[in-house]
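Participant: As a plain string of letters, each chain reads:
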Amino acid sequence: MRTAFIVGVLLGIAGILAAARYVPWVGPPRLPSYTSVVANGGRAEEFVIRLPADRISAHGGEAAGLRGGAFPQDTALPEAFAAAPLLVEQFRVRDRDGSVIGIAARHWSQADGDASAAWLLVIPSRGALLMAADGEAPRAVDAAVAAAGGQPGGTWSGETTIELADREGGGKVIGGSGEFESLEGRYSESWIVTGVGESGELKGTIELRTVTYTAG
Amino acid sequence: MKYVWMTLFGSLVGALAGAALLFFNPLIDTGDPSLAGFDRMMRYSLPDDAIVVTHGGMLPLERRPFGVEPLWESTIRSTSLATLVLRSDSGEPQAVASRVVWPSKRTELLTAGVLANDHWLVSVPGEGAFFVVAESNVSTMAKDTLVAVKLLGRAWQAPRAYAPIEGPEIAGTALVIGASGSFAGRAGRALERYRIERFARAAGLEAAAAEMHFVWDAPVETLPPGAQDAASAERAAGEGETEGDDVVPDASLAGDARAEP
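Each protein sequence line maps, in turn, to chains A and B. First residue of the first sequence: 2, per the numbering used here; consecutive thereafter. First residue of the second sequence: 38, per the numbering used here; consecutive thereafter.
No wet-lab data here; the hints were simulated from the structure. A few of these clues could be false.
What the hints assert, rightly or not - Just some of the chain A residues that point at chain B, by a computed CB distance under 10 Å:
| no. | residue |
| --- | --- |
| 1 | 22 |
| 2 | 111 |
| 3 | 133 |
| 4 | 150 |
Claimed, not checked - Ranges of calculated distance between the beta carbons of each label pair, as one might list FRET restraints:
| no. | chain 1 | residue 1 | chain 2 | residue 2 | range |
| --- | --- | --- | --- | --- | --- |
| 5 | B | 198 | A | 100 | 27 to 35 Å |
| 6 | A | 30 | B | 53 | 44 to 52 Å |
| 7 | A | 215 | B | 184 | 36 to 44 Å |
Stated by the list, open to error - Here chain B is said to cover these stretches of chain A; the calculated rule only asks that three of the stretch's residues, wherever they fall, bring their Cβ under 8 Å from a Cβ of chain B:
| no. | region |
| --- | --- |
| 8 | 5-16 |
| 9 | 39-53 |
Here the structure is a predicted model, which means the values were calculated and not measured. C-beta atoms are modelled at their ideal positions from N, C-alpha and C, and glycine is treated no differently.
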């Protein structure tokens, strides 16, 4: 009887330790990756953000224009940054089929007159892509909407496309983690704006197209 | 039959003993890394410096503001996202950061611990932006809060400090990658020191403070082929001289900083 108890105890300890060691405790659901091989090597993938549904938050200074309106309401950057050329946006990210697969943060800023933009794109089941590019001019989306007939402060519907990372062949993929570790490449960023709502929120789609290849 | 029941009872006792072993498992504890060599610090406190915090509902931390949409989709439910104000030592706002944390697939409870991928995009107005890529071990923090307070119902006794970052850079530091402005093309390392002031069973995390310490590696200058030859000749001519050597090896990079007192 005592032997059975001791065997049971040992089995119990071994079972728990084996489970701790070998059970895959973490595994975010993964949807199929729609990647394609490009002619000169590397793989291409497209990510989509639908506005305003996928906007999680946005905060910017005056230079950010329409996109800088605080969202969610009743939140704000510190007063010290109110006049700073800075825009912090966070979005859900979808694959080309429209399924939510990740989260992205986009920061735009100006230092010494040079604008820059950076994306942190996280797909929990795969890893993260770090991307950076020359930034657009302040109020670039406002200017495009105005050129398409939009009035400042008013609602608008139509369609205008703004390429935000189109200088020197696009932005750069400068790093990553997980599956994207040791990758480099380029990306392009298109904002297809189809409207401005009553509270100033943009309607439309952001398309991020990446071409990545193994570094070195 | 009684042998079977006794074996099952023994297994239950063994499982509880195994769980206790895991709870006190020293292999997954985080260390106390040295800050030697780090030359810049930014700090933040929770919840005051969090402009936005959202997650899928599994974290013991209130979403902020109340109206922010939770990350409810199955693919991002385990992820948390925050917009943080980072302050200087004197408390002045210095930067804004987007921080995304999600569980690491390398989590393994026996030897590695509960690991989380912890990525930051930090913008410093007037200077530029950079990324922080970290892997954090939150085992100790989870044991002190989720297990001890939430699960076992013990009261939070006193503030406790943690240094959760464990990689991916040398000596258990995070990788810093410059994105734009004065940080463009540069790399460095970072460490976070985190202090939980109050944690309650019902409300979860009530107050915490953290410091992010940074150090940037010296820029590596790449010379064109012709200039490289000239530089080699110049070095050969000046061989033996010690003056003018402007690249000093960083002693803090050698070995594991945690071993330092």
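Participant: Against each hint, give a clear statement of whether it holds in the structure.
Facilitator: These are the hints, each one checked on the structure:
1. 22: With a minimum Cβ separation of about 4 Å from chain B (threshold 10 Å), the hint on residue 22 (chain A) holds.
2. 111: 8 Å, holds
3. 133: 4 Å, holds
4. 150: 31 Å, violated
5. B:198 / A:100: 27 to 35 Å: 41 Å, violated
6. A:30 / B:53: 44 to 52 Å: The hinted range 44 to 52 Å is violated for residue 30 (chain A) and residue 53 (chain B), with Cβ atoms some 32 Å apart.
7. A:215 / B:184: 36 to 44 Å: 41 Å, holds
8. 5-16: Holds: 12 residues of the region 5-16 of chain A have a Cβ under 8 Å from chain B.
9. 39-53: It is violated, with 0 qualifying residues against the three required.
The structure does not agree with the numbered hints 4, 5, 6 and 9 stated previously, though it agrees with the rest.
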